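Participant: If you want the building blocks of each chain, they are given just below.
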Amino acid sequence: MANMKTRNHIWLHLGLISFTLLAIYPVLWVLALSFSGQQSVGLIDLPQDPSFLERLRAILPVPEHWSVKNYTEVWTEQQFGRWLWNSVVISLMTTLLGVFLACTAAYAFSRFRFPGRNTGMLMFLVSQMFPGTLMLIPLFIIIVKQLELGNTYLGLVIVYATTSIPFCVWMLKGYFDTIPYDIEESALIDGASRLTIFWRIILPLAKPAIAITALFSFMTAWNEFILASVFMESEANYTAPVGLRFFVGGFSSQWGYFAAGSVIVSLPVVALFLQLQKYLISGLTAGSVK
Amino acid sequence: MTISEHLKRSALPGMAVAMLFALVLGSWLFGAEMADLHLQHRQRLAVLQANALVLAVADTDAAGTRKRVGEMQKLEPRIESVIIVAGPQLLASTRPGDGAPRQLKREEKPLYDLSNLIRTARETNRGEEVVRKKTIQIDEMPSGRLVVTLPYLSGGEFAGILQMQFDGSGYPRAAGDTFPFPILLLIAALLAGAALRMQTQKKVDPAKLIALVAFLLIVLFYQQQQIGRLEQVVKQDNRAIATQYLASAEQLDRLGYLPLLRDPAGVNHWDTDDYERPRGVIAADGSIAEEAETKQLARRAGFIRPILWAIDLFAVAVLLFFLYGYAGRAYAAFREHIYAYIYVAPAMIGMLVLVFFPFSYGITLAFTDTTLFNESLPFLDRLIGWGNFKAILGDFNIYQDTAEGIIWNYQNFYWTLMVTVVWTITNVVIGVSFGFILAMVLNTEGLRGKAIYRVLLILPWAIPNYITALVWRGMFHPQFGVINQVLQMFGLEPVAWFDGVISSFLTGVATNGWLSFPFMMVVILGALQSIPKEMYEAAEVEGASRWQRLRHITLPLLKPTLIPAIVLSVVWTFNMFNIIFLVSGGEPSGANEILVTKAYKIAFEQYQYAYAAAYSTVIFMILLVYGFFQTRITKATESF
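From first to last, the protein sequence lines are chains A and B. Last residue of the first sequence: number 290 in our numbering, and the count goes up by one each step with no gaps. Last residue of the second sequence: number 1640 in our numbering, and the count goes up by one each step with no gaps.
Simulated from the structure, these hints should not be mistaken for laboratory data. Given the structure is predicted, the values throughout are model-derived calculations rather than measurements. Virtual Cβ for every residue (Gly too), placed ideally from N, Cα, C. There's no promise every hint is true.
With a straight-line Cα cutoff of 25 Å, these simulated DSS-like cross-link-like pairs (lysine-lysine) come out [claimed, not checked]: (1) 1133/B / 1390/B; (2) 145/A / 1133/B; (3) 145/A / 1109/B; (4) 1601/B / 1390/B.
Okay, the calculated bits of chain B under chain A, using three or more residues with CB under 8 Å as the criterion [stated by the list, open to error]: (5) 1100-1110; (6) 1145-1154; (7) 1354-1366; (8) 1444-1452; (9) 1596-1605.
Work the whole structure out from these sequences, hints included.
Facilitator: In structure tokens:
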């Protein structure tokens, strides 16, 4: 019996290993391309009529010559540094604004019973149902054409911040609800103002939840492609996603720069994601049941 | 007396606020209408001249056309330049140094495109025998310049386009608003309000009634007076255009280019709308057709009246709100909860301005025919009602049955809808199956290295999906892509992935499958781990087979987790813009577009903003229906 179980596991391991290799192949491929020092989409120049082994060599995710040229040149030769900077600034500003707006609103929804409270919370929930494309065209006309905020940080930041608010508000409200009201009551009796309580008591207590919402806002802005590509028309104002597309979209095919840039852009989010995935999953599925 | 008491007793605050509402909204509306009229006046004058140009050169040869255009431009100093484009050729131009006739230059390709656009618009209108697409295009430039483009006809047939640049800056605005007038009305209302004291106890209170009647009288008087002013301006404009028409027509008559029709019943082809239809307000001899003008006025009033009624209704509601003491109570409540409102306000204002306003803007846009080229037109001229929705949903031209077999119409909405549905179902099925199998495998008891597998298998989900999409696009590269190398390795022919409908669809499915199975895997794994082991043990003791355990324990217990996850992933896949847009781009020729990418392309590659807004509204409706069923399904599973 025990013998059979181990044998089963060997087959399972074989299956799992081959599937996992297949699953992470694209990742290895990008890594290989980024260290290959060349721009073509093929890792190896194949001869005219390649043999089986030569083709096998071509698909192995190992560069022909190891080089960090793509990583250095993407900073020096290309505007990638600038795009990355744009993305960093926009994402940080989005996070600040989004978290500030979400914290205050969530606090009010959690702590006060006031006329219009339910309507307000419902509004946040309903807004989640509006599809992106339906918002895209009016936002483009209003922000870019009417307010002329195209090609500016501000235009993208206010849109990103407001789109991330509803999720953040619901998430933070849930957390604030778990903080006992007694603490605030005694502070009120001691003569603390509402603002002091919010700043000195609630926010420090809610640090973990605020950190999650901040990271969520940050990642929303960091990974967003469509709005950025519509809002940012001039090359100098691209965000990293739009810039990466620029490397390989249309007529240019600088796959090496793309690969190096992708690795740089992905590393922080992948690391964050692996850390935070359990919160995200519980948040997502909880939201959909409500 | 506190403010809240005051609000309950005196009619003054109610009168003031309601009157301010009515007057501010009213003057905003009338101001917008005035601006609209002003815009229309300038555009009509420009179109008048452009039509004259087209009519004057319709029956002459190329050389004659150049001569006439040149002379006419000198006659009217406000015509800054005229060019005529016929096919790939610049037939005539009054711009110095243009050297017509010559071929169009590369940077002048937009003119060629515009010519084709107007030609198709004309053909559509003819073919459908309804006037749907505008054939005269007006662009407002900075500093009051107008660029009018319209079909250039030769021998009654479409031969190209004529583009005229017109200086429309010289017209003074219509006489300024009589500013003190609304203020006088406001003061009258305030006096009436101050004179009235209400008795809070009584239900039927004469003071309230008097306040209401006085309010309505003042508001209606104001609005009637403003409508009168509008009509005045419309009439003035018609006469000014008629004068201009007569002056220009007489000059052309003298030159012998275009005989002035002296028949009062004759149709004036100079003063047309954007579909080249004569407006009929000005007759061929320059006289005003009273009947048509009355209709014109009625149309404008018909647009403005319902809005005025809405404003009146709103203002009366505000007044009653104050008169019956609700304002006082609301104020008291506001004072009591002031902290809450201050905390909520920033987020709420942001949502209203950047989510709810754009949303309603988008819906409104869907009922117009706005494109990049006619944004500057008056709103009323762009309003077309349900036209876009009829064009999207009423177009059943899905395929053509020809001798070579069936040819699908990839641009049709229902084709795209079908692709989207197939796309969604395929992807969700793939995601759930792979996720389920992997979760079952990883849940095996005593399996070593679970954590490592889990982290590696989650990677595809962690990487930003636009990067994933671009990477897969590279791997599907027809010449150097890895996937074709593998095929060739086993002696198969390489596939031109993005050239075939099915193969192109598969590229999207492969990419999306790759990035979507980890989510399902993680969700299912979590649910599996929460199933108590005792249940399986008990079943095993009872002699249940593997299949029976799966069927009667695992699946029912997975359901509450699985269904919300599927519901969520259906919406995600349905809206998966990045994968389609970045991997295949909907190739070949838009066959693999899903609804959201199609809407994007209509908006930002064809610049049909309104049509795209209508398209998005339809998508929203589909999601709404889905959401409705989703909540029912989720509720049904919760009761299990």
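Participant: For every hint, state whether the structure bears it out.
Facilitator: A quick look at each hint next to the structure:
1. 1133/B / 1390/B: holds, 14 Å
2. 145/A / 1133/B: holds, 23 Å
3. 145/A / 1109/B: holds, 24 Å
4. 1601/B / 1390/B: holds, 20 Å
5. 1100-1110: The restraint on the stretch 1100-1110 of chain B is violated, since only 0 of its residues have a Cβ under 8 Å from chain A and three are required.
6. 1145-1154: With 0 residues closer than 8 Å to chain A, the stretch 1145-1154 of chain B misses the three-residue bar; violated.
7. 1354-1366: holds (count 9)
8. 1444-1452: holds (count 5)
9. 1596-1605: holds (count 5)
Checked against the numbered hints given earlier, the structure breaks hints 5, 6 and satisfies all the rest.
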